[in-house]
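Spelled out, the chains give:
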Amino acid sequence: MSRTFVGWPAFPQAAAVATRDAQLRANVARATGTIRAKRAKLVAERPDWEELRDSAAALKDDVLTHLDTYLLQVEEKVTAAGGTVHWARDAAEANRIVTDLVRATGEREIVKVKSMLTEEIGLDNALAAAGIDARETDLAAAIVQLGDDLPSHVVVPALHRNRAEIRDIFVREMGRHGRPAPEGLSDDPPQLAEAARLHMREKFLKAKVAVSGANFLVAETGTAVVVESEGNGRMCLTLADTLITLVGLEKVVPTWRDLEVFLQLLARNATGERMAPYTTTWTGTTPGDGPQTFHLVLVDNGRTRALADEVGRQALRCIRCGACMNICPVYERTGGQSYGSVYPGPIGAILNPLLKGLDDPQTASLPYASSLCGACNDVCPVRIRFTDVLLELRHQVAEGDAKVKHPGEKAALRAVGAVMEHPAAWNAAIRAAGKAGPLIPKKKLPKPLSGWTDSRIVPGIPKESFRAWWERTDGGTE
Amino acid sequence: MRTALFVTCLNDGLFPRSGQATVKLLRRLGVEVEFPPAQSCCGQMHWNTGYRAETARLAAHFVKVFGEYDAVVVPSASCGGMPGEAYERAAETVGDAGLARAVRELAPRVHELTGFLTDVLDVEDVGAYFPHRVTYHPTCHSLRAAPVGARPYRLLRAVAGIEFIELPAQEECCGFGGTFSVKNPAVSGAMNADKARHVLETGASVLAAVDNSCLMNIGGRLAKDGHTVRTMHLAEILARTRADGPVLDLPHSTRELTR
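Heads up: the protein sequence lines correspond to chains A and B, in order.
The first sequence stops at residue 528 when you use the working numbering, and every number in between is there.
The second sequence stops at residue 294 when you use the working numbering, and every number in between is there.
It should be emphasised that the hints constitute simulated quantities derived from the structure, not laboratory data.
For each residue, glycine too, the CB sits at the ideal point set by N, CA and C.
Some hints could be false.
To be verified - Quick list of in silico lysine-lysine cross-link-like pairs, BS3-like style, CA-CA up to 25 Å:
(1) B:259 x A:497
(2) A:406 x A:460
(3) A:513 x A:493
(4) A:513 x A:485
(5) A:492 x B:259
(6) A:493 x B:259
Said to hold, decoys possible - Here chain B is said to cover these stretches of chain A; the calculated rule only asks that three of the stretch's residues, wherever they fall, bring their Cβ under 8 Å from a Cβ of chain B:
(7) 53-67
(8) 282-291
(9) 380-386
(10) 419-425
(11) 439-448
(12) 503-516
Using the sequences and the hints given, assemble the complete structure.
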């Protein structure tokens, strides 16, 4: 069994540890800085960028509004094209369906195309429990799997690792799972890529079963689409006899013309490329060409819960480009694992609570894992207003039906609010603050404010407030 | 035009000089502001932490205090943004349609200071004199939530004697974020450390912004580390004239010395 995020600490505790890790901070800052610069350059090439974003957001909203219709259309088209469609309410059901399908083939080692959904539901561990070894073939996903690590980014899951660390993982682990790393492997990127290529190729050629996700499902033809950079996806999607594809309910686009909008946005925004190197599409099965058995598993796992949230449902527009985490100043300093989920960064801070509910302390800490700076809003290709959703989720904790509550904070803010509403009380409070100023410790505030003085001093409170000055000088005229 | 000053609770209690500078500056430009003493807080801390019922009460208070004015000037982009960004939603949450209507009507008359100067008064050169080396941090609210765009830069560049230095990585958040700074002190502190480092890289003796909350954050870090860079609300720079002379304990800008 590989590691999971189960039992992960709440964001402030996890982040406190991560921010002290200088190597992690340097790795993440270097990687996100590089992707940010590439993205900015390529986005600037497109004079119609803002219109593309408008179209993408509108298309996704249309899909979410008519999801029932589009999903039934997908089922009809995929079935007509020779595929089998399965519906899974949650992670357990999805894992059971896939495990049974693989078991029926008799295969014990299968290959995987990187898929956020299978990471979300913990498919690799579920298969391992059934004695099936599912090997990741995306380079970064393989680094995470070989190192028994956890992902930290939706596009670049090993973004927190530098090349020296990757070399060590390859040398140590490759031989335990197939072809060992070549003798004398250095941390030179081409050498690392070649080592991975040789290790993977053996698996591609041997595997009879492949598991993938999909970036999009085109409803009008029942076509699944995978967008990737390395060609490992193309190998899995074409060489296996049996292909099992798991897709979240929200991944539908109505037509091929709509798909065009997203293909123009995705690679530019995700990796700073004009187009992804590999875009693979398939529709059911084709005799004599590619996998002869195709299963499509449509997974809910909290998506209908998110859909019911009027403000939060916009998070289901997400196409997993990762731009929100690349631009996020919080993510840059904590790395992705601090969010305790395969979905980190701003999208993780909203999507996890929407999918799971705000009923455990870890998930309920995520809407607060943001300074509300809004940089993510500006780079989102589907115009998710992250700050609106974060505020809505905080409201659900503060005043809504979330199980996690902060009664002390609520009482304190109510008390402050009551004073602020009453002019005489507020006037007295401001005057008292000026008098109390010298008594307030500048270097060490008590809890729950002590975090402020960990890295800052408290400003001095002037003896004379603005209102006292105004009154004394008649508005500065005396 | 009856114009009110909403000084903000933070400026009232902790940064009265910014409020005084705003009054002085506006008076020089021919605008006599009133200070309704019943004013208190915009409710931003409540809103950003999720407390909408409390925000609605403070919104109602804001309407009661400022509803009759033709213009309300606010020396803060984040507090000044509250009526337009939050009040209607807060009113809807508590089901107060009358309040929602009232804030919708009032919000367009609430102006962040630099927007009031450039758009309502139509001035860029406010007659200020500030012969010191200054850098400027565009706060997230003034940059993205209620964007003031190039206005603060235009106002700063028109100041006589000023030596203006661009802040590296200026668009990145300083890490304040209201209650974020106490709920997530480690990340907030890490973000702030980088911001403070960038400020020091400019060699400026003054860091300016349109929000004292962010300046309190960055300034608190600079002071803790023993640096002498001063944080000043933009209004305090714009309010000074040749008659005031240079700020005595600040180094002169090199531009002024070579003149």
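inquiry  = Tell me the numbers of any earlier hints that the structure contravenes, in ascending order.
reply    = As far as the earlier hints go, only 8 is violated by this structure.
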